[in-house]
Structure formats: C-alpha cells, structure tokens
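Everything in the sequence shown is counted per the numbering used here, starting at 297 for the first residue and increasing by one.
Just so you know, the hints here were simulated from the structure itself, not pulled from any lab data. No residue lacks a Cβ here, since even glycine has one placed at the ideal position from N, Cα and C. Don't take each hint at face value.
Calculated pairs, BS3-like style, for lysine-lysine (alpha carbon to alpha carbon, straight line, at most 27 Å) [what the hints assert, rightly or not]:
(1) K591 - K632
(2) K635 - K578
(3) K659 - K632
(4) K501 - K573
(5) K501 - K519
(6) K573 - K556
(7) K353 - K564
(8) K635 - K355
(9) K525 - K556
(10) K564 - K343
(11) K519 - K556
(12) K525 - K564
(13) K556 - K353
(14) K564 - K591
(15) K591 - K635
(16) K564 - K659
(17) K578 - K355
(18) K501 - K578
(19) K343 - K353
(20) K632 - K573
(21) K560 - K573
(22) K519 - K578
(23) K591 - K501
(24) K556 - K578
Here are the computed distance ranges between Cβ atoms for each label pair [unchecked claim]:
(25) E528 - K578: 41 to 49 Å
(26) A662 - R338: 33 to 41 Å
(27) N531 - R612: 39 to 47 Å
(28) D523 - R346: 31 to 39 Å
(29) E520 - A572: 34 to 42 Å
(30) Q533 - E581: 31 to 39 Å
(31) N623 - Q533: 16 to 24 Å
(32) N352 - L499: 38 to 46 Å
(33) N359 - K556: 46 to 54 Å
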Amino acid sequence: MNEQDFTTTIALEEEENNIKTISSSKKHLVFLESCFNEGQRRMGVEKGPRMLFESNKFKQAMNNRNYEIITVPTSIAKENKEEEDNNEEIKVQQTLISLMKDEKEEKQKEIRDLEDICHNQESVGLFAKNLHFTYSTIFSNLKKEEQELKEVTEKQNFPFIINVGGDHSVAIGSIYSMLSLFPDLRVLWIDAHADINTPEGSLSKNMHGMPVAFLSGEQVLGKERCDFKGFEWMNNQFKLDVSSRLAYIGLRDVDDFEQKIIEKYNIKAFTAHDVAKVGIEKCLEDCFNYLGLLKNNNSSQPPLFLSFDVDAVDPRFTPSTGTAVENGITHEDALKICKKCRDYVNFVGMDLVEVNPSIGSDKEVAETISHSVDYLIQATENL
Numbered sequence: 297m298n299e300q301d302f303t304t305t306i307a308l309e310e311e312e313n314n315i316k317t318i319s320s321s322k323k324h325l326v327f328l329e330s331c332f333n334e335g336q337r338r339m340g341v342e343k344g345p346r347m348l349f350e351s352n353k354f355k356q357a358m359n360n361r362n363y364e365i366i367t368v369p370t371s372i373a374k375e376n377k378e379e380e381d382n383n384e385e386i387k388v389q390q391t392l393i394s395l396m397k398d399e400k401e402e403k404q405k406e407i408r409d410l411e412d413i414c415h416n417q418e419s420v421g422l423f424a425k426n427l428h429f430t431y432s433t434i435f436s437n438l439k440k441e442e443q444e445l446k447e448v449t450e451k452q453n454f455p456f457i458i459n460v461g462g463d464h465s466v467a468i469g470s471i472y473s474m475l476s477l478f479p480d481l482r483v484l485w486i487d488a489h490a491d492i493n494t495p496e497g498s499l500s501k502n503m504h505g506m507p508v509a510f511l512s513g514e515q516v517l518g519k520e521r522c523d524f525k526g527f528e529w530m531n532n533q534f535k536l537d538v539s540s541r542l543a544y545i546g547l548r549d550v551d552d553f554e555q556k557i558i559e560k561y562n563i564k565a566f567t568a569h570d571v572a573k574v575g576i577e578k579c580l581e582d583c584f585n586y587l588g589l590l591k592n593n594n595s596s597q598p599p600l601f602l603s604f605d606v607d608a609v610d611p612r613f614t615p616s617t618g619t620a621v622e623n624g625i626t627h628e629d630a631l632k633i634c635k636k637c638r639d640y641v642n643f644v645g646m647d648l649v650e651v652n653p654s655i656g657s658d659k660e661v662a663e664t665i666s667h668s669v670d671y672l673i674q675a676t677e678n679l
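With the hints as extra help, turn the sequences into a complete structure.
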C-alpha cells in the first residue's frame with residue numbers, strides 16, 4: 297500500500313450522520329470523544345472530553361500537531377435500549393408486580409435474574425459496540441491481509457488513538473478493539489480501583505467497576521461475554537489474559553471479591569502506598585518486566601496500552617472525579633507513568649477517563665482539566 301495514498305475513512309454518527317476522512321499520513325493523533333456516563337450513576341462525566349479538548353492548554357499543545365477529534369455516537373445505544381425496555385424503573389415495577397403473584401421459588405428466580413442485569417448494562421454494552429465500530433473503521437483500510445496489516449502497524453503513519461471518556465466502562469470498547477488488532481496486547485491499568493468486579497460479585501452493580509472482567513471474558517466472568525445482555529455482539533476470541541498481560545498501579549479501594557481475583561491470577565498490582573514507599577520508577581520497572589516489555593528498541597516487542605483513570609491520582613491534583621480516594625499517587629508520578637509508556641517502543645494507545653467537571657469548585661475543575669491535559673501531552677509528546 298502506498299503511504300501517500302493511504303487514507304482511513306471514519307464514519308461518525310452525529311446529528312446528520314456526516315462522514316469524515318482522515319489521512320493517516322497527516323493525522324498522527326486521533327482523539328476519540330467518548331461522552332458516556334451510564335457505567336455509573338453520577339452525571340457530568342460525559343462533559344469531561346469536550347472540556348479537555350476546549351481548554352487553552354490542550355489547544356496550545358496541539359497547535360503544531362496533526363490530530364483529529366472524533367465523537368463516538370451514543371444514540372444507537374440509547375435507541376436500542378428504549379426498544380426493549382423503556383427504563384429501569386418500569387422494569388423494576390413490573391418485576392415487583394410479578395413477584396406478588398408467583399410462588400416462592402419463582403420469586404427467588406426472578407430476583408436473581410433482575411440482579412444479574414447491572415445498572416445500564418445493555419447501554420454500556422451497546423456503547424462499547426459503537427466504540428468498536430469507530431475503531432474498526434479506522435482500521436478498515438489496513439485489514440487487507442495479515443502480513444500487510446503487520447507492516448502498516450509498524451510504520452510511523454499508523455495513527456495513535458486516545459480514547460477520552462467518559463466513565464471507565466468505555467475501556468471495554470477501546471481495549472477490545474485493540475485486542476482485535478493486537479492479540480498479544482499488554483495493559484497497564486492506572487486506577488484507584490481494580491475494575492475487575494463481575495455482575496454477580498459487584499455490590500454497586502455499576503459497570504464502570506467491571507471493564508477488566510468483561511475484557512477477560514470467561515476467565516473472570518465465569519461465562520462468555522456474549523451471554524450477557526448488551527454484549528451479544530462480542531467475539532470471544534478477543535480476550536485479555538489477566539494472569540500475564542495486565543498490571544495495576546495506584547490501587548487503594550479494592551473490594552474483597554476483586555482482591556481474591558487479583559490473588560487467584562497473581563496479577564501484578566501496586567497500591568498507591570507501594571508507590572510512595574518504593575518509588576514510581578521501581579513500580580514501573582517491575583510492571584514492565586512482568587508484562588514482558590523489554591528495554592530494547594526492537595519493534596517486535598509486545599504492544600502496550602495505557603488505561604488511565606484520573607482517580608488514581610490524589611484528589612489534591614485531580615479533585616473533579618466521581619470516585620475520588622484519598623492518598624493517591626502524585627501528579628509527578630502520573631507524568632512519569634505517561635512518559636514511561638510513551639518511551640516504550642510499541643506503545644499503541646490509551647484511555648483517559650473519569651474527569652467530571654460537575655464535581656467541585658471552578659478552581660478544582662480547572663485544576664483537574666489542566667492536570668489531565670498534562671497526562672495527554674506527556675503520553676503523546678514526540679510520538
């Protein structure tokens with residue numbers, strides 16, 4: 297394929313379903329605007345991407361860069377959800393009515409069935425599908441044959457995609473998409489939370505606490521993802537092996553259920569306390585070694601994806617986030633994480649999630665936006 301002629305067409309479903317064409321020889325950075333909030337119950341996180349992109353710091357940093365911002369459609373997910381089930385309240389009411397009429401055994405079964413459906417589970421699954429479609433469209437002109445795809449992904453003109461959320465459930469669509477292109481993908485998960493809960497084990501039933509479980513599939517969920525409502529579209533071939541291809545930094549609010557999974561699969565996990573004790577450099581070195589990410593510049597090194605939740609950072613630096621936890625990693629630690637990933641020879645993509653401009657004072661929002669833009673800049677500088 298001629299590099300000058302290489303173009304990637306991105307189909308965007310916006311108000312008029314307009315279509316944009318991106319020339320990957322010119323557009324080096326692709327920012328995906330995932331304005332999605334239904335993986336949790338606090339409004340405002342859907343506003344995070346737009347405020348990041350409209351900040352003066354972001355515009356100045358991107359002034360001399362080739363980049364594109366693509367809005368991931370959310371309307372399909374909402375429309376499909378309404379066709380089957382107008383809203384969760386009606387569903388609960390109907391279930392309660394039926395419970396009054398059924399025998400005890402059937403009552404218990406219906407309660408279990410209701411509990412298996414997490415908060416906005418179907419919408420989360422369908423948004424992940426929309427996001428995967430967006431990624432797939434970017435990749436579509438690359439997928440001619442396996443050998444050609446490998447050659448193109450190693451070239452400098454292959455776009456670097458940054459998925460900006462939105463709550464952390466959007467990582468299901470981004471990392472699943474990257475797994476479809478890079479089956480040996482390694483994931484560095486920066487978060488105060490492990491996000492490896494399951495519909496059965498979760499106490500809150502919030503899907504932003506489950507993306508790692510849904511990326512792993514049967515390994516953690518106990519059954520295939522396509523058995524879950526909203527996720528029927530997923531190909532069970534594209535999975536993240538949490539026993540060897542996942543590492544955590546920043547943990548400090550982990551459910552007992554999640555801790556058991558981490559211990560079961562011996563997942564490399566550093567708490568924020570660990571970082572403060574031994575230093576971020578040591579934690580990163582151990583994570584990279586564990587994931588098999590060597591220091592040489594051989595482009596055949598395993599691909600690395602960074603999934604960065606701003607609540608990993610101490611609330612002193614990123615206060616405007618929905619599930620802030622005290623005693624997090626420092627702003628400087630966060631910058632070092634981004635730089636370490638950027639300097640790795642096969643860094644292929646990232647998420648930045650959970651910025652919520654509706655939380656905190658104007659000063660706190662501005663500080664969160666500014667520091668979050670710093671992470672984007674540090675992760676993409678000189679790519």
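How the hints compare with the structure:
With a CA separation close to 16 Å, the supplied pair K591 and K632 stays within the 27 Å bound. Restraint check for K635 and K578: the C-alpha separation of about 14 Å stays at or below 27 Å, so the hint holds. For the hint linking K659 to K632, the alpha-carbon distance of about 24 Å falls within 27 Å, and the restraint holds. Of the pairs offered as hints, the one joining K501 and K573 is violated, with about 33 Å between alpha carbons and a cut-off of 27 Å exceeded.
For the suggested pair K501 and K519, the alpha carbons sit about 18 Å apart, so the restraint of at most 27 Å is met. A C-alpha spacing of about 24 Å is found between K573 and K556, which places the hinted pair at or below 27 Å, so the restraint holds. Restraint check for K353 and K564: the C-alpha separation of about 34 Å exceeds 27 Å, so the hint is violated. For the given pair, K635 sits about 20 Å from K355 by alpha-carbon distance, which is consistent with the 27 Å threshold.
Only pairs whose Cα atoms come within 27 Å are accepted, and K525 paired with K556 is accepted, the gap being roughly 26 Å. Proposed proximity of K564 and K343 is contradicted: the alpha carbons are some 33 Å apart, above 27 Å. For the given pair, K519 sits about 18 Å from K556 by alpha-carbon distance, which is consistent with the 27 Å threshold. Restraint check for K525 and K564: the C-alpha separation of about 31 Å exceeds 27 Å, so the hint is violated.
This hinted pair does not check out: K556 and K353 have alpha carbons roughly 41 Å apart, beyond 27 Å. With a C-alpha separation of about 19 Å, the suggested pair K564 and K591 falls inside the 27 Å cut-off, and the hint holds. For the hint linking K591 to K635, the alpha-carbon distance of about 14 Å falls within 27 Å, and the restraint holds. Distance hint between K564 and K659 is unfulfilled; the C-alpha atoms sit about 36 Å from each other, more than 27 Å.
Distance check on the hinted pair: K578 and K355 sit about 34 Å apart at the alpha-carbon level, beyond 27 Å; violated. A threshold of 27 Å between alpha carbons decides the hint, and for K501 with K578 the separation of about 35 Å lies outside it, so the pair is violated. With a CA separation close to 17 Å, the supplied pair K343 and K353 stays within the 27 Å bound. For the hint linking K632 to K573, the alpha-carbon distance of about 16 Å falls within 27 Å, and the restraint holds.
A C-alpha spacing of about 25 Å is found between K560 and K573, which places the hinted pair at or below 27 Å, so the restraint holds. Pair hint K519 plus K578 does not hold up; C-alpha atoms about 36 Å apart against a cutoff of 27 Å. Our distance criterion of 27 Å between C-alpha atoms is broken by K591 and K501, whose separation comes to about 40 Å. Using a Cα cut-off of 27 Å, the hinted pair K556 and K578 holds, with the two alpha carbons roughly 25 Å apart.
Between E528 and K578 the beta carbons are some 43 Å apart, a value that agrees with the proposed interval 41 to 49 Å. A hinted range of 33 to 41 Å for the beta carbons of A662 and R338 is inconsistent with their spacing of about 19 Å. Between N531 and R612 the beta carbons are some 42 Å apart, a value that agrees with the proposed interval 39 to 47 Å. A hinted range of 31 to 39 Å holds for the C-beta pair D523 and R346, which are about 35 Å apart.
In this structure the supplied range 34 to 42 Å holds for E520 paired with A572, their Cβ-Cβ distance being about 40 Å. At roughly 32 Å, the beta carbons of Q533 and E581 sit within the given window of 31 to 39 Å. Between N623 and Q533 the beta carbon distance is about 40 Å. The supplied range of 16 to 24 Å is therefore violated. For N352 and L499, the Cβ-Cβ distance of about 41 Å falls inside the hinted range of 38 to 46 Å, so the restraint holds.
About 48 Å separates the C-beta atoms of N359 and K556, a value consistent with the hinted range of 46 to 54 Å.
Figure legend: structure checked against the earlier numbered hints; hints not met, in rising order: 4, 7, 10, 12, 13, 16, 17, 18, 22, 23, 26 and 31.
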